[in-house]
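Order-wise, the sequence lines are chains R, C and S.
In this text, residue positions in the first sequence follow my numbering: the first is 1, and each later residue adds one.
In this text, residue positions in the second sequence follow my numbering: the first is 1, and each later residue adds one.
In this text, residue positions in the third sequence follow my numbering: the first is 1, and each later residue adds one.
Worth flagging that the hints you see were computed from the coordinates, not collected in a lab.
The structure displayed is predicted, hence computed values, not measured ones.
Even glycine gets a Cβ: it sits at the ideal position worked out from N, Cα and C.
The reader is advised that the hints may include incorrect statements.
What the hints assert, rightly or not - Derived, one-sided and incomplete: chain C residues facing chain S with beta-carbon distance under 8 Å:
1. 25
2. 313
3. 315
As the list claims (entries may be wrong) - Pairs of lysine to aspartate or glutamate, EDC-like flavour, derived with a Cα cap of 16 Å:
4. 345(C) with 560(C)
5. 139(R) with 44(C)
6. 322(C) with 333(C)
7. 55(R) with 29(S)
8. 75(C) with 120(R)
9. 629(C) with 214(C)
10. 587(C) with 552(C)
11. 238(C) with 285(C)
12. 345(C) with 424(C)
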Amino acid sequence: MRIDYIHLVYLFGTLFCLLGISLCIRTARTRFGKLQDAPPVSLWITRLPAESAAKLIAFGALIVLPAGAVFIANYHTFEGVHEVGGCASCHVMRPMVNDMQDPNSGTLAARHYKNKWIAENQCYQCHSDYGFSGNMEAKMTGFRHLARYTTHTYKEPITARVRFNNQNCLNCHQGTLKFEAVQSHHTAGSRLASNEMICLNCHGQAHPTSIQRTPGSADYSRLMEPFR
Amino acid sequence: MREEGIDPQNRSDTSDITRREALVTLGVLGGAVAAGATGWGLLEGMVALRQPVESWHKSVCRFCGTGCGVLVGMKDGSVVDVRGDELAHNKGVICVKGSMLPQLTRIPGRLTSPKIRKNGTLVDASWDEAMALVASQFSDAIRYYGPDSVAFYGSGQLFTEESYTANKLFKAGIRTNNVDGNPRLCMASAASGYVQTYGKDEPPGSYEDADYADCFFIFGANPYECHPPIFERIRQRKRLHPDTVIICVDPRRTMTTLHSDIHLAVVPGTDLLLLNAMASVICEEGLENQEFIQKHVRFSDGNKDCDITRFREFLKAYAPEKVERELGVSAQDIRRVAFLFARSKATMSLWTMGVNQRTQGTFLNNMLNGLHLITGQFGRPGATPFSLTGQPNACGGVRDTGALAHALPNGRLVANPGHRAEMEKLWKVPEGTISPRLGLDALALFRAMEQGSVKVALIMCTNPGTTLPSASRYQAAMEKCFTIVVDTVEDSETQRHAQVVLPAALWVEKEGVTGQGERRYQLTERLLTPPAQARSDLQILVDLADRLGHGDLITARSPEAVWDEWRNVSANSLYNFQGITYARLKKERGLQWPCPNPEHPGTTRRYVESDDPFVQKGAGIEFYGNHDKKAVVYLRPYIPSPERTSTDYPMYLTTGRILEQFHTGTLTGRIQELQDAAGPAKIQINPQDAFVLRIQDGDPVEVKSKYGSVRGEAVLTEMSRPGVVFASFYDARLLINFAVADNYDPASKEPEFKVTAVSVRKVAT
Amino acid sequence: MRLLHWECWCAFIGFAITLTFVLFPGPYEMAVFTFVAQPLFAIAAVSYLWKVFLDLRSRKLV
Numbered sequence: 001m002r003i004d005y006i007h008l009v010y011l012f013g014t015l016f017c018l019l020g021i022s023l024c025i026r027t028a029r030t031r032f033g034k035l036q037d038a039p040p041v042s043l044w045i046t047r048l049p050a051e052s053a054a055k056l057i058a059f060g061a062l063i064v065l066p067a068g069a070v071f072i073a074n075y076h077t078f079e080g081v082h083e084v085g086g087c088a089s090c091h092v093m094r095p096m097v098n099d100m101q102d103p104n105s106g107t108l109a110a111r112h113y114k115n116k117w118i119a120e121n122q123c124y125q126c127h128s129d130y131g132f133s134g135n136m137e138a139k140m141t142g143f144r145h146l147a148r149y150t151t152h153t154y155k156e157p158i159t160a161r162v163r164f165n166n167q168n169c170l171n172c173h174q175g176t177l178k179f180e181a182v183q184s185h186h187t188a189g190s191r192l193a194s195n196e197m198i199c200l201n202c203h204g205q206a207h208p209t210s211i212q213r214t215p216g217s218a219d220y221s222r223l224m225e226p227f228r
Numbered sequence: 001m002r003e004e005g006i007d008p009q010n011r012s013d014t015s016d017i018t019r020r021e022a023l024v025t026l027g028v029l030g031g032a033v034a035a036g037a038t039g040w041g042l043l044e045g046m047v048a049l050r051q052p053v054e055s056w057h058k059s060v061c062r063f064c065g066t067g068c069g070v071l072v073g074m075k076d077g078s079v080v081d082v083r084g085d086e087l088a089h090n091k092g093v094i095c096v097k098g099s100m101l102p103q104l105t106r107i108p109g110r111l112t113s114p115k116i117r118k119n120g121t122l123v124d125a126s127w128d129e130a131m132a133l134v135a136s137q138f139s140d141a142i143r144y145y146g147p148d149s150v151a152f153y154g155s156g157q158l159f160t161e162e163s164y165t166a167n168k169l170f171k172a173g174i175r176t177n178n179v180d181g182n183p184r185l186c187m188a189s190a191a192s193g194y195v196q197t198y199g200k201d202e203p204p205g206s207y208e209d210a211d212y213a214d215c216f217f218i219f220g221a222n223p224y225e226c227h228p229p230i231f232e233r234i235r236q237r238k239r240l241h242p243d244t245v246i247i248c249v250d251p252r253r254t255m256t257t258l259h260s261d262i263h264l265a266v267v268p269g270t271d272l273l274l275l276n277a278m279a280s281v282i283c284e285e286g287l288e289n290q291e292f293i294q295k296h297v298r299f300s301d302g303n304k305d306c307d308i309t310r311f312r313e314f315l316k317a318y319a320p321e322k323v324e325r326e327l328g329v330s331a332q333d334i335r336r337v338a339f340l341f342a343r344s345k346a347t348m349s350l351w352t353m354g355v356n357q358r359t360q361g362t363f364l365n366n367m368l369n370g371l372h373l374i375t376g377q378f379g380r381p382g383a384t385p386f387s388l389t390g391q392p393n394a395c396g397g398v399r400d401t402g403a404l405a406h407a408l409p410n411g412r413l414v415a416n417p418g419h420r421a422e423m424e425k426l427w428k429v430p431e432g433t434i435s436p437r438l439g440l441d442a443l444a445l446f447r448a449m450e451q452g453s454v455k456v457a458l459i460m461c462t463n464p465g466t467t468l469p470s471a472s473r474y475q476a477a478m479e480k481c482f483t484i485v486v487d488t489v490e491d492s493e494t495q496r497h498a499q500v501v502l503p504a505a506l507w508v509e510k511e512g513v514t515g516q517g518e519r520r521y522q523l524t525e526r527l528l529t530p531p532a533q534a535r536s537d538l539q540i541l542v543d544l545a546d547r548l549g550h551g552d553l554i555t556a557r558s559p560e561a562v563w564d565e566w567r568n569v570s571a572n573s574l575y576n577f578q579g580i581t582y583a584r585l586k587k588e589r590g591l592q593w594p595c596p597n598p599e600h601p602g603t604t605r606r607y608v609e610s611d612d613p614f615v616q617k618g619a620g621i622e623f624y625g626n627h628d629k630k631a632v633v634y635l636r637p638y639i640p641s642p643e644r645t646s647t648d649y650p651m652y653l654t655t656g657r658i659l660e661q662f663h664t665g666t667l668t669g670r671i672q673e674l675q676d677a678a679g680p681a682k683i684q685i686n687p688q689d690a691f692v693l694r695i696q697d698g699d700p701v702e703v704k705s706k707y708g709s710v711r712g713e714a715v716l717t718e719m720s721r722p723g724v725v726f727a728s729f730y731d732a733r734l735l736i737n738f739a740v741a742d743n744y745d746p747a748s749k750e751p752e753f754k755v756t757a758v759s760v761r762k763v764a765t
Numbered sequence: 001m002r003l004l005h006w007e008c009w010c011a012f013i014g015f016a017i018t019l020t021f022v023l024f025p026g027p028y029e030m031a032v033f034t035f036v037a038q039p040l041f042a043i044a045a046v047s048y049l050w051k052v053f054l055d056l057r058s059r060k061l062v
């Protein structure tokens, strides 16, 4: 079985959390004032005075282990968003995923998927700003989406407010023969690079329209089927 | 480890401490949630502050006849972004020109003040001074030489309200039918073709048909470059249904042909041979749809009706083997294409200027419609004869309003006394107001200027100095006439010959409705103020009407008021769009007429039952525009263009548009990215021809015809068929229309831009 | 006395949330971790460090 990031996350995440929990319980019950009377503590290979041991454990419980757990959990976030399942866990994203996997759809996402131009982690290939790479803008937007979604302070159909980072398209397409043959890609190149002009203007929708994703539309229930 | 530091004997005070500590913990928990909420608030604030766009507004692209719906992003009172509108008919797809619309609102060289020519130079003047001069010129000419000594030359780029008002002012106020415009140069043949066939103008189908067609027959059109979102839709269809066949008929090897399955490179001017040959194959092989013909088709030779037997007889002369040599396409290919056209489940034809700008333009239009009618490729999703429009408002603004020299609103004709009487009643003018004399169509108008019979002409939103064929002749003609030019930018070729120039508002600086190629009327709302003293064309026309004493005729003075008047007028015809109210236009992404009442959703397919409100129940398909409810298929003989190659002029010149530039480039030529992408206009020559003529890539060459000559830089490309040279007309430095012949179609009066016999030679620098 | 009592319980809650998120990832778990657990850890850590600082100052080490 291949060792994947998720296994490391499970292992170390559980470890840090359980250790942290036990150390927290211990430190919570520690009466620091009474420690000078307590006998020394043996920790693995050394013996420490009770006070020192307690302080060390406190440090572990409140600084080291939380830092570790937070790191693991954030790593979990930023790696988890690579996977299609991660995106699909929010129901408002199901139309994008279902449409992408629909062989009869002509959207850019569907065409890239059908032709196997994006082998795996398909959402992330074009929305790479959610991961560790990519700009802060996308991450801020991502957390904002999270807050909105979980508190249900959004309206369907959802619409994007920030500009898409064209670099996601250019990373693959720039430099290819077909791309270079189009004059406007060069003359308007700076506008594309700065995201002032969006590639989709000429190249069509990436995902189902907002009408299709509006509750009550003919396509809504089909697009909202749970992701398997 | 043993538990340490915990003293069981101190349990007496633990309960108080425990409760307090629990409360503190809960308090901190609440604090953490508050901190989280604050963090969220900060995210919202940051995202809101970094919004490049404050508000989005739906609108319509300023450029071609696709008439894409766009979303205009405004911030701090200026346009910062334009996107394709995913909810409009074009499904979010526009082209690079549309993407540069924000830059259009900031182009340099805007006209900011009225100008009057004094001592040969245009000098700034006030509106009052300029309009007083214009009005006095009009009144004097009308008084001394009669109403037909003045004229209006309008545009398929004016809003409908503007063309409608001009038409009414000139025909019912000034009482001359000298109202014409640049649609004469582009869509007249399509209009006459449709009217002759169905009794009514305008394509019966919709862009949506491209989602269902199995065979695309693209004829004399280059949609990859000239209607990009439509071609993208065709490519989408093919991506999802790879068996779809795309056939392209074009003398040139264009980008469209490179994405087509079959390219027929016909010899310029000969393509009616192809259509007749296809019809001949269809009749010979039994590919025609007998049922459809019996129910819905009548045959005619142009003078009188005839039957299908005579049609078959007529077509015998056009058997593929007989025409292949002159046509330049093999009999085998002709047969193949005829079979595909007839036998595909749904065939959609698309054509533009290659068909319309021809001396046989009307005949070609007749026959394209005819092929659909004899094969029954009509009225089903994907089966339709679709004439693509070049300009954003040639359909709605000029064809439907009848702002043409022979026409009156909603398909009525000047020559018909009954129609004149109807319009007089609708416009509430006395009987006999509208002149029975046909007005001057574009070429006739400029020839009349040349002769001196037209003394004063108002030219709005167009650039005939560059767009008329044999341009030098008509530029000189404009000098003889008191020409008033209304434009948005300075220094067009037309303005060089004007006596008065008036500054106009551009795109979203004014408000109005446009009607694009699929009978869809869409609203452009006003979002910006025009610069300096520029005014909307409607305001200028209303001002002129007042000054000429026709203020009581032009009662509707705002775009909405004019629209309301016009839609109510339309209720008295089969072009009824009374149901397309301003409120609906503001809300919807346009509506397709016929649309007789506010509940009607618009008509996707005309002449088809339950879609078109004028088709009777049970009729299925009904061509209600004709008295017998049938469409007419014509026997149209091939007449070669007057422009034939000769020893003096051994090659053909043809002209057209390219992707990054629109028409004469007065707008797109001022947008840096588009200008850089297009580069200066060059003369495209096939390498085989270049070899014989000893021309190398980049050499200066002269293209010469009987009508004039043009010098420019040669570019060697396989895009040109051997024997054909091409140049686009977006660059005033290569004014190709100097060399283009001004022959025209006798029925539609549309000039033949596509066929001129020329010679090409290298010149010294 | 039990100097770090509430800090530890807060961290305890934080670890519980984090463990849930690690084992059962989903939008709600992610939201609770990001907007609740992280501030909790932060507040607990800051309070702990403050107390350490006070302790060191009382012993004249800072």
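Okay, the hints, checked on the actual structure:
Satisfaction of the interface hint for residue 25(C) is found here, the shortest Cβ-Cβ separation to chain S being roughly 4 Å, below the 8 Å cut-off. Interface restraint check: residue 313(C) against chain S, minimum CB-CB distance 75 Å, threshold 8 Å, status violated. Of the supplied interface hints, the one on residue 315(C) is violated, with its beta-carbon coming no nearer than about 68 Å to a beta-carbon of chain S, more than 8 Å. Restraint check for residue 345(C) and residue 560(C): not satisfied, since their Cα atoms lie roughly 43 Å apart, outside the 16 Å limit.
This hinted pair checks out: residue 139(R) and residue 44(C) have alpha carbons roughly 12 Å apart, not beyond 16 Å. For the proposed pair residue 322(C) and residue 333(C), the alpha carbon gap of about 13 Å is at most 16 Å, so the pair holds. A threshold of 16 Å between alpha carbons decides the hint, and for residue 55(R) with residue 29(S) the separation of about 32 Å lies outside it, so the pair is violated. Taking the CA atoms of residue 75(C) and residue 120(R), the gap is about 39 Å. The hint is violated against a cut of 16 Å.
Taking the CA atoms of residue 629(C) and residue 214(C), the gap is near 28 Å; set against the 16 Å cutoff, the hint is violated. About 32 Å separates the Cα atoms of residue 587(C) and residue 552(C), which puts this hinted pair outside 16 Å; it is violated. Simply put, residue 238(C) and residue 285(C) have alpha-carbon atoms about 28 Å apart, too far for the 16 Å limit, and the pair is violated. This hinted pair does not check out: residue 345(C) and residue 424(C) have alpha carbons roughly 47 Å apart, beyond 16 Å.
In this structure, the earlier hints numbered 2, 3, 4, 7, 8, 9, 10, 11, 12 are contradicted, and the remaining ones agree with it.
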